[in-house]
Structures are given as structure tokens and as C-alpha cells.
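Hints given; two lone chains; assemble the complex.
The lines below spell out each chain.
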Amino acid sequence: MNIDIFMLAIMDGVSYASLLFLVALGMTLVFGVMRILNMAHGSLYAFGGYAAASIGLYMAAAGLPPAWSLAVLVLAAILVGTLLGAAMEMSLLRRIYDKEPMLQLLVTFAAFMIFEDLQRMIFGVQPYSYPAIVDYLGVVDVIGITYTRYQLFVLPGAAIVIFIALRSFLKYSRMGKQIVAVAHHREVSMAMGIDVKRICLFTFIVGSILGALGGALALPTTSWVPGSGAEMIVLSFAVVATAGLGQVEGALVAAILIGLARSFAVYLLPEIEVLVPYLIMVLVLLFKPEGLFSVAQARRV
Amino acid sequence: MSKVQARMGPAAMPTPATQPASARSRPIVSPPAIAAAVLLVLALLLPVVMPWIKTPVIIAACFGIAALGVSILIRAGQMSFGHAMFSCAAGYAVAFAARRWPWLDSTVLIALGTLVGAVSGLVIGAFVVRYRAIFFGMLNLALSMVLFAVLGKFFTLTGGTDGMRLARSTFFGMDLERAGFETALLVSVVALALGLGLLVRRYLNSVAGQALSAIKTNETRLEFLGISAYRVMLTGYVLSAALCGLSGAVFAITQGLVTPEMGYWIRSGEIVFISILGGVGHPVGAFLGAAIFEFVKVFAGAYMIGASHLVLGVVLIAMVFFAPRGISGLLTGARKGGQP
Chain A
1 MNIDIFMLAI MDGVSYASLL FLVALGMTLV FGVMRILNMA HGSLYAFGGY
51 AAASIGLYMA AAGLPPAWSL AVLVLAAILV GTLLGAAMEM SLLRRIYDKE
101 PMLQLLVTFA AFMIFEDLQR MIFGVQPYSY PAIVDYLGVV DVIGITYTRY
151 QLFVLPGAAI VIFIALRSFL KYSRMGKQIV AVAHHREVSM AMGIDVKRIC
201 LFTFIVGSIL GALGGALALP TTSWVPGSGA EMIVLSFAVV ATAGLGQVEG
251 ALVAAILIGL ARSFAVYLLP EIEVLVPYLI MVLVLLFKPE GLFSVAQARR
301 V
Chain B
302 MSKVQARMGP AAMPTPATQP ASARSRPIVS PPAIAAAVLL VLALLLPVVM
352 PWIKTPVIIA ACFGIAALGV SILIRAGQMS FGHAMFSCAA GYAVAFAARR
402 WPWLDSTVLI ALGTLVGAVS GLVIGAFVVR YRAIFFGMLN LALSMVLFAV
452 LGKFFTLTGG TDGMRLARST FFGMDLERAG FETALLVSVV ALALGLGLLV
502 RRYLNSVAGQ ALSAIKTNET RLEFLGISAY RVMLTGYVLS AALCGLSGAV
552 FAITQGLVTP EMGYWIRSGE IVFISILGGV GHPVGAFLGA AIFEFVKVFA
602 GAYMIGASHL VLGVVLIAMV FFAPRGISGL LTGARKGGQP
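The listed protein sequences correspond, in order, to chains A and B. Position one of the first sequence corresponds to residue 1 (the numbering used here), numbered consecutively onward. Position one of the second sequence corresponds to residue 302 (the numbering used here), numbered consecutively onward.
Take these hints with a grain of salt, some might be off.
[Unchecked claim] Below 20 Å or equal to it, Euclidean Cα-Cα: the simulated EDC-like pairs (lysine to aspartate or glutamate) are:
| no. | chain 1 | residue 1 | chain 2 | residue 2 |
| --- | --- | --- | --- | --- |
| 1 | B | Lys-598 | B | Glu-562 |
| 2 | A | Lys-99 | B | Glu-520 |
| 3 | B | Lys-598 | A | Asp-117 |
| 4 | B | Lys-454 | A | Glu-273 |
| 5 | A | Lys-177 | A | Glu-187 |
| 6 | B | Lys-454 | A | Asp-98 |
| 7 | A | Lys-171 | A | Glu-249 |
| 8 | A | Lys-288 | A | Glu-249 |
| 9 | A | Lys-197 | A | Glu-187 |
| 10 | B | Lys-517 | A | Glu-100 |
| 11 | B | Lys-517 | A | Asp-98 |
| 12 | A | Lys-177 | A | Asp-195 |
| 13 | A | Lys-197 | A | Glu-100 |
| 14 | B | Lys-454 | A | Glu-187 |
[Claimed, not checked] Some residues of chain B that are not near chain A, with every Cβ distance over 10 Å (derived):
| no. | residue |
| --- | --- |
| 15 | Ala-334 |
| 16 | Val-420 |
| 17 | Gly-474 |
| 18 | Gly-496 |
| 19 | Arg-502 |
| 20 | Ala-624 |
In case anyone wonders, no lab produced these hints; they're calculated from the structure. No experiment lies behind these values; they were computed from the predicted model shown. Idealized CB from N, CA, C, for every residue including glycine.
The shape of chain B in the complex, shown without the other chains (with noise of 0.2 Å):
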């Protein structure tokens, strides 16, 4: 952790002393934007370091871009336990498509697996946004169970509870060999994270996020308005399920294997646990939850063997009483509703 913090610092520390230059009303450098830097220095010069925390950035980013996804939904008032389906039927995706055409680029089989993903989302949506709270969480997680126990179940077809392998592929066509190609797969992960947060802000800042986030305040006010609550949560319901589609190819690509616990409904939970620790009020929160989320799981995993999910409940339970906004709630702090 020390090694960590040391690292953190000369990073973190000349932009504070900007902040002040800044109009107050107005801050550039909120602390989520500092916290965004700081993650994407770690993420970057992290490996450099310690080559083999490679794996587990790129797995961290991973989760964060599909835990960006859930809290998009979460913004909603609307709570899926169910979204890793999105994620595990996009790697059986690029899985399947990786063994029929060998030849197929890691970007296009990316690009392919979040088609997936928002596909099935827009089919799984346009049923299950009809439903809200409970019936909203309950049918997500009864679909992902269905998708869990078919994929299990198909032994010839999927391989059942075994998976599937898949070899390596090119890299923007380039041929390369393990480290080169995690490198390659760790910076464009980091890129998109980057890239996706920008979006999603921008999309969470537009008429269709805002009406999003008007489905919990009040859906019936937004319906009089003349906007379809139908449609907006439609939207954001595929958007999601396209980011959890994205994660899952990624991961599928980076551990070279795909497996029905993909979809299991303990991965969807992790994905929500991860979206409620680092808060939905700012994209940077899905990430901070990933981070602490993969920290935990590689450096602290050896001392708590079969008892990860029970710190998880406590810490899900005790950020519900105490902190509910999140890390990042926490961090845009006393300004009540800071973020524009």
C-alpha cells in the first residue's frame, strides 16, 4: 500500500496547487477529475513497475467499464442483478466467433462482443424496462440465471461448465506474443475506460441522462413532460448492457477462456457492489470501485480464502447505512450535487 501512496503522490500533488487559480464557482480540477488522473497514472505506470499486476489493471478496468454500465441504471433508481449475462454472453460471442474465424482481429472481436452486448440488450430491455425496483432487479437476475443453467447445460455446444478456450488473436494486426499483447490489450483498455467515462458523462449530462435520473425522482412528472419513460430507460438500459458486453469481451480476450460463472448471478452482484462502493454520481466512481475491488481481491484475497463475498456483504450493507452516494459521493463532498 505504501509503495502505492508513494506513487500516487508526485501525481496527484501539483494539481491541487492549480485549484485555487481556478474560479471557485466553476472548479476545472474537481476532485473526481483528480481522482480519474491519478487512477489512469496507476493503471499506466503501475505495470511498468510490477509487470505482473498487468492482468489485474486490465481485469479492474474490466469490471469498472461494466460497473459504469449497472450505474447508469442505478442513476435511474433502477438496480440489475443480473447485467454479467450481458458480459457472459458477449465473450461466448467472441468465444465462438474466435474458433469459426481464427483470423479475426482482438479489435473486431471487441467491437463484436459489445454488439452482442447491446443486441441482447435491446431484446432483454424492451421487455424488463416495463418493470421497475423489484421486479426490474428480480427479472434480470431470473434471465441471467436462465442464460447460466442453458450455457451449463449445452456440453457439446458450449463446452458446459468447462467453457471455452480461446487462442490468441492479432492485435491491429499485429501478431503478438503474450506480454506485447497484454500491454496492447492494457493501454487500449485503459484508452476506452477513459474514453467511455467522457461519454457517459456527456451522455448522463444530455436530455436522455437527465430524464434517466428523473425516473427515480419522479416518473410521472417526466411522463407529462411529453418524455416516454419507456424509451428513455430503453436507452439507457442498452447503453449498459453494450458496456457490460464490451467488459465481457475484453475479459473473455484477456484470460483466453470463457465460462458460464461469467454470467453467474455472483458476478452480476460484484458488479453492483462496485457500482455502490465508488457511488453513481460520477463516472469516475465505477472505476475507484474496480480499483478498490480488484485491490482487495489480489493483495488481501490470500488472507480471507471463501470468505470474500461476506466482506463484500458487510462492506455493501455498511455503505448502504453510512455512505450511500459512494467514494465518489464522498468525494464531490459538502457541494451538494456538485457535478453539473
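Only chain A is shown next, with the shape it has when bound in the complex (with noise of 0.2 Å):
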């Protein structure tokens, strides 16, 4: 393997470790404070993508300059988070918080077949693109090697500052601190006086925008096609799993490893490289059952 592929191969693994992180980000915040496994989360991140690209696609035919695009994208994903988020929520999640795992599992699991179908009656089958950022960005020369700046540089940096900007949210402010409580015991942060159902409504469509925003932020470099959802559900399941749930900073960890691993498969074992992200999985939970990042504590996986 010479430098270039190693270079390659390690902007795209950051780049698409960045989006990976996103997606886990939101999955792992709605399980630390709700204890549900979002199964339909997938669906927001395919949402997020739709969105965006029929927003900007119309924005761009009312002569909307390219340089705006990236805010379209960001607007599409916060659209999409807090209408589907809040009406998921408030319609299905707020009656299934004292049911058995398997039963919240199966209700998110129903949820996400009705978004899978309801994707299709919306945006249809057909592909869609929307590269109108990439180009405007343009490319730039890494020793030798011509990759979009869109890649190298926006993408972790949106990462980068949502973790920055959510771990700050959470330990500084006053609802982020009431969501850490909530996270912590429900029953008590009740008795304390904290809004539960407000704090899971907020955390949930939290969780969705990030879904949406990795969806959202993936869309200028993809196609967009049926099915991207049900194949992110276990990606970012792996980088969840991986981490431990409801890990944070784990997550980002997790994204990274994964990310980079599956972009030097690609270059290096293209037969493995859909196995790779779960061969980690695998492995991390053969010897960690509850994760790389979680404390000890009794919790069953």
C-alpha cells in the first residue's frame, strides 16, 4: 500500500466516521434518557436525506445561489428532526416508557416499517442527488492527493462542534443538566421536580435532528436511493453497541475506529468491507459485553 491510498484512505474514513457519529450521536443520546432503542431512527436519517434534497432542489430551481445550500441542508435535517421526532414521540413513545424492552423495541420496529413506506409514497424510488455544495467548495490538493473540501473539512467539522456543542449543553445548562438527571433516574429526577415528559419530548427531537442531519449532510456526496435507512439502523447500532449505549464520548471513538476501518477495507479487502463495521462489533462484545466506554454497573445487555 503505497501513501496516497493511506491518505485516502484515511480522509475518507474521517469523513465518513463524521456521519457515522452523527447518526450513533442521536441514537445513543435517546437511549441514555429513554432507555429505547430508536429502531426507527434509520428512517430519519433517510428522511433527513429526502428532505434535503427536494428542499434544495426546489430552492435551487427559485435561483437560490449554491453557497446557501449547506444552510438548506441544516434547515432540512432541524424540519424533519422536530416534526417527526415530536410527533413520534408524543404519539407513540410517551405510552411505551413503562412496557417491557422487547414490546419498545417491536413499537419503534412498527414505527420504522410505516416511515419505510411512507418514504416511498412521498419521494418515490427514484434516486436523488444534490452535490450543489461540493461543487461550490470545490477541491483542494492533500499531498498529492484532490479530495472535496466538502469531505475534509465540513463534515468533521460539523462533528466536532455538535460533540462540543452537546457536551457543553449538557453539563452548562439548565435543561442539559436536567436531561443528565432524567438519564440517571427517572423516578427521582420526578421527585426532584424536573418536567420528565418535557426533557424526554426535548431529547428525542434532539436525537431525531442529529438522525436528520447526518442524513442531511451524507446527501451531497451520495445518491440517494430506498434503503439507505435500514442499513444506517445497524451501522450506527454497531458504533452505539460498540461505545456501550448511551456513551457519548465513546461514540465518537467508536465512529472514528469504525470509520477508518471500513474506509481501509474498502481499499485494501472490498469483499469484507460491509462485514467490517460488525466483525468490530462482534469482536468488542465477545470480550467488552457492555461496550469499550461503559462504567461497570448492573445493567443487562
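So, in C-alpha cells, the structure goes:
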């Protein structure tokens, strides 16, 4: 392997890991607070991409300069995450907090099936693409390799900004502290006067926006087709499980690990590329069933 | 529908009359048994009246057998969102074997598919069975996605997403034409469904089966009784994988085609759906669920093209909220935990 391929694999891996991290972050945040694994999270990813493409293409037709298309991506994600997240939390999740985990999983799986058909009805099955921002930002030379600025700067930048913003939000803001309290102990925080219902709704919306944002930011570099949601569920679960359910910092490390491993596999062993994220997850779970970064506690996985 | 009910009538009528005769404490003819009898009669007689319904009935029976397998694990409180991978693996094994040795009999192929299901269940189960709830469900899903991706990728070997065709093989040594082959398949799969239903009922009432439900209620106590939860779960897992393998083998032989779709998460979801709809309290539930599922797919499919999974999802949520014990739970009804 020469240095060019090595660098290429690293850059691919980092930009891929950034997207993976955003989606996994939403999933792990929701799990940490509500103890529910949202299987419909991949649908939010898919909807984020579709909504961004639809809005972006509409705006482009209306004469929006490509420089603004990044804002379109973010706005589409916020729109999708807020609408779908709020609808899902208020109509479904709110009613299943006291049910057994198996039924919770089943309900979110049912939501996933519903979303998958809705998505086909609304957006059809034809591929969407919206590369305006990638073309606008152009390419950059990194020691002899030409790479898009979007993937090299925007994606990792977005991941880092959101990671830091979320961490400081959870640590310093009033709402963030309440979220952490609910994650620690639901009943006690309720007794302390925290409006748990509101916190859950808010957390779920934030988690959904993160999932949709992952989709919206992934859109410019790929062509959006049906089925991308299902793949993202298992991939982001692989990240979340490798890190330990509910671990925010761990999700970052796990996403980079899996992202890099996968992009190296693409160049070195393309046959097993799809297997790599799962191999890592299986290996980690074999030796550390609670994930890499979980603190030991009486939790059954 | 009215035609179906009209046929249901004579089969079901005599049985309620005999019920008061049997002792109240231990009814010989329980509602689930009646349901099973009605299903059997329908499955064998409907194709006589409407020959085109033969394939849907076979496929419903296949789905029922797979759901029977998944419901074993649901009894233990564990839900697999990836069990279609065993059907898929068995289907491909059958396709490869039929291509390599065209003289193999269908019965041998079905046995082979079941074996492949059981062995892959043992290998995957040895790892997966250590996890519970979310991890169990998601690991199964992840592994099934891997199989799906791999089958689609190795185009030269598996035909990619187009799948593999398999020619019609002999049946018990007989070289049958299409109609006769389907009839033979129908009769044997219905007989298999009955036999397997009874077998699973027997298993669930055995020590191993009771220990399986104890994993759901209190696993720690089970371990304190000196029973290995790992072994109990692994037995259940292998059995469920074998049932899914059998179902996949029959499905592949019926369709004459295997595709990666057989192992897609949607198929696993449908199997889970059938188990929950039918209820896991009694083996007949899996087949009731499958019959309704296939009925809706065949008769109502025309009205909801592209919305079938939306409907499945809505029904699934409704079941969780209003009838978590499924149809068979409604049948056993007021007698709480009525079935032994």
C-alpha cells in the first residue's frame, strides 16, 4: 500500500466517521435518557436526506445561490427532526416507557416499517442527488491527493462542533443538567420537580435532528436511494454498541474506529468491506459485552 | 370472505357441541385445538375448490413454521429481528444442492435446508444467545443484514440480487408435473405444520420449554435452580433456526427461486409480525397469524400497493397496545394461562 492510498483511506474514513458519529450520537442520546433503542432512527436519516434533496432542488430552481445550500441541508434536518421526532414521541414513545424492552423495540420497529412505506409514497423510488455544496466548495490538494473540501473540512467540522456543543449543553445549561438527571434516574428526577415528559420530548427531538442531520449532510456526496435507512440503523447500532449504549464520548471514538476500518477495507479487502463494522462490534462484544467505554453497572445487555 | 366462513361452518359446528360433554376442568377440545382443526380443514379443502390458492396456502404454512420458530424465542422474552437469515441460508443451500446434484429428492432437500438452518443457528446462537433484549434483537438484525449484503455482492456465485433458479426435483421419488408437485408439497407442508406444532407444544411443556419462559420471568432464579440459562436459550435458538430453515427450504422449492430478499430485514419483520399477531401462548397462533397475513396479502394486496408495511406497522402497534397476547391469547381467553 502506497502513501497515496493510505492518505485517501484516512480522509475517506474520517469523513465517513463524521456522518456515522452524528447518527449514532442521536441514537445513543435517546437511549441514554429513555432506555429505548429507536429502530426508526435510520428512517430519520433517510428522511433527512430526502427532505434536504427536495427542498434544495426546489430552492435551486428558485434561484438560490449554491453557497446557501449548506444552510438548506441544516434547515431540512431541523425541520424533519422536529416534525417526525415530536410526532413519534407524542404518539408512540410516551405510551411505552413503562412497557418491557421487547415491546418497546417492537413498537419502534413498527414505526420503522411505517416510515419506510411513507418515504416511498412521498419521495418515490428514483434516486435523488444534490451535490451543489460539494461543487461550490471545490477540491483541495493534500500532499498530492485531490479531495473535496466538503468531505475534508465541512463534515468533520460539523461533527466536532456538534460534539462540543452537545457536551457543554449537557454540562452547563439548566436543561442539559436536567437531561443528565433523567438519564441517571427517572423517578428521582421526577420527585425533584423535573418535568420528565418535557425532557423526554426535547431529547427525542434533538436525537431525531441529529439522525436527520446525518442524512442531510451525507446527501451531497451520495445518491439517495430507498434502503439507506435500514443500513444506517444497523451501522449506527454497531457504533453505539461498540462504544457502550448511552456513551456520548465513546460514540465518537467508536465511530472513528469503525469509519477508518471500513475505509481501509474498501481499499485493501473490498470483499469484506460490508462486514468490517460488524466484525468490530462482534469482537468488542465478545470480550466486553457492555461496550468499550461503559462504566460497570448492573445493566443487562 | 363469506365463502370462507361458509366453509368454516360445518367443520367448526360439531365441535362446540361436544365440549360440554368433556370435563370442565380439563377440556379436551380447547378453542386453540378447534382453531387448529379449522385451519387444517381449510388448508386442505380450499385448494380443491380454488386450485389457484394452493401456492398461497403453502407459503402461509411456510411463514407459519418460521413464526413458530420465532415465537419460541419470544416466549423467552427475546425478539429476533433477523431470523429470516436462517430461511435464506437454507434456501440458498437447497438451491446450491439442487444445482450440483439435480437428482436429489425434494424431501432430501427439505431435510438439508432444516439441517443448514439448525447448524447455522448453532454457530450464530453460540454467540448471540448470551445477549438479551435490545442486543439480542439488534445482533440478529445486524447478522441478517450481513448475509443479505454478502449474497448480493458475490454475483458470480449467488447470482447477486437476481438470485438463483432451481429446477423442480422429484418428490418421494416421483417425477411430478407442476400441479401434482404442488399438491404433494401442500399435503406434506400441512402435515409438517401439524406435526411441528404438536412437537413445539410438547417442547414448551417440557422442562427445557418451561425453563425458556423462566428466562423471561426471572433468569436469576432459573440459574439458582441449577439450570444453565445459556444452554436453555441455545436449545431454543437452534430449534427456532431449524424451523426457519425448514420454512425457507420449502419456500425455495415452492417458488423455484431464491433471492437475497428472503433474508432481508423486512422478511424478518414479517415473521415477527405473524408471531405477535397470532400470539405466542399456543403454537396454533403462528399459523393463525400466517393465515391472516397471507389472506390479507392475497385478497387485500391490490388495494394497498406500496402501503402493505404501513398497514403491518399500524396493526403491530395496535396489537402491542390492545392485545399483546395475540389471537391465540384471545382464544384461550379468560382462563388466565389457560393452556398447560
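Here is what the structure says about each hint:
1. B/Lys-598 - B/Glu-562: At roughly 17 Å apart (the allowed maximum being 20 Å), B/Glu-562 and B/Lys-598 satisfy the hint.
2. A/Lys-99 - B/Glu-520: Judged against 20 Å, a Cα distance of about 18 Å means the pair holds.
3. B/Lys-598 - A/Asp-117: 16 Å, holds
4. B/Lys-454 - A/Glu-273: Holds - the C-alpha atoms of A/Glu-273 and B/Lys-454 are around 10 Å apart, at most 20 Å.
5. A/Lys-177 - A/Glu-187: Cα-Cα ~15 Å, so holds.
6. B/Lys-454 - A/Asp-98: 42 Å, violated
7. A/Lys-171 - A/Glu-249: 13 Å, holds
8. A/Lys-288 - A/Glu-249: 17 Å, holds
9. A/Lys-197 - A/Glu-187: Roughly 12 Å separates the two Cα atoms, so the pair holds.
10. B/Lys-517 - A/Glu-100: Holds - the C-alpha atoms of A/Glu-100 and B/Lys-517 are around 10 Å apart, at most 20 Å.
11. B/Lys-517 - A/Asp-98: 16 Å, holds
12. A/Lys-177 - A/Asp-195: Given that 20 Å is the threshold and the Cα spacing comes to 12 Å, the pair holds.
13. A/Lys-197 - A/Glu-100: 19 Å, holds
14. B/Lys-454 - A/Glu-187: Violated: B/Lys-454 and A/Glu-187 sit about 49 Å apart, past 20 Å.
15. Ala-334: 28 Å, holds
16. Val-420: 19 Å, holds
17. Gly-474: Fine: 41 Å to the nearest Cβ keeps B/Gly-474 off the interface.
18. Gly-496: Check passes; 29 Å lies beyond 10 Å.
19. Arg-502: 22 Å, holds
20. Ala-624: 12 Å, holds
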